[in-house]
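**Student:** Based on the sequences and whatever the hints tell you, model everything.
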Amino acid sequence: VKNRVRELRGQSGWTQGELADRLEVSRQTVHAIENGIYDPSLPLAFAIARLFKKKIEEIFSP
Amino acid sequence: MNPIEERTPSPRLRHLHRYYCEGGVALALYIAAVVARHYALEQGHWPLAFSLLPAVPVALGIAAILRYLRRLDELERTIQLYAFAFAALATAFVSVVCGLLEDVVIGRVNIWIVWPLIFGIWGITSASLSWYYRRGSAGVA
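First to last, the protein sequences are chains A and B.
To convert, note that position 49 of the first sequence is 49 in my numbering; the numbers rise steadily by one, no gaps.
To convert, note that position 118 of the second sequence is 118 in my numbering; the numbers rise steadily by one, no gaps.
These are calculated hints, taken from the structure and not from any lab test.
Check the hints yourself; a few may be wrong.
Said to hold, decoys possible - Each pair of labels, with its calculated beta carbon distance range:
1. Gly99/B / Gly17/A: 44 to 52 Å
2. Ala127/B / Lys2/A: 22 to 30 Å
3. Leu41/B / Gly36/A: 56 to 64 Å
4. Arg134/B / Gly13/A: 22 to 30 Å
5. Gly36/A / Arg77/B: 16 to 24 Å
What the hints assert, rightly or not - In the SDA-like style, the derived pairs of lysine to any residue whose C-alpha atoms are separated by at most 25 Å in a straight line are:
6. Lys2/A / Glu74/B
7. Lys2/A / Tyr132/B
8. Lys54/A / Glu74/B
9. Lys55/A / Glu74/B
10. Lys54/A / Arg22/A
Predicted model, so just to flag it, every value in this text is computed and none were measured.
No residue lacks a Cβ here, since even glycine has one placed at the ideal position from N, Cα and C.
**Tutor:** Okay, structure coming up:
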């Protein structure tokens with residue numbers, strides 16, 4: 001699954017640590033998602049979409 | 001991030017701090033129980049009760065680990081549970097091999113080997129998996 005998390009985080013001006021704190025996950029998890037090493041669960045994907053005020057399909061694509 | 005958020009430790013740090021506190025208390029109680037057991041058995045007081053006394057803080061330590069696992073995020077929990085499964089299965093494999101070799105090559109194996117073996121393999125495996133998920137992190141903010 002590809003995603004735009006790094007791009008959206010950059011637009012928000014957040015570090016990985018700040019995004020991790022907002023999502024209540026580890027920085028390692030944010031890093032793994034951004035690099036496509038780990039695909040988040042549906043609840044976490046929804047939390048990311050909610051945080052960036054986007055639809056889930058605008059962030060994640062197959 | 002506003003100044004209040006900057007001063008407040010993240011939930012993850014609070015969870016880690018709580019785990020260290022709980023684990024530290026369990027470890028301190030374990031040391032106290034081992035010392036108490038040693039002196040009580042020397043004096044011959046309630047041998048069964050004092051023999052098992054250190055098992056109580058060990059159970060507290062296990063409960064602290066389980067609470068810590070429950071508070072991890074989804075990737076960390078995946079890593080830790082996979083590492084624990086691997087450690088348990090590897091320890092089971094080693095115990096079978098030792099059992100097969102017992103009385104032929106290596107003699108009686110002390111059952112205390114299980115504790116450091118399972119935690120050692122768990123630690124090495126979780127560190128390896130964490131490294132795998134952190135790979136390519138150079139230069140990332």
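**Student:** Let me make sure I understand: some of the numbered hints might not hold for this structure. Which ones are they, in numerical order?
**Tutor:** Failing hints: none at all.
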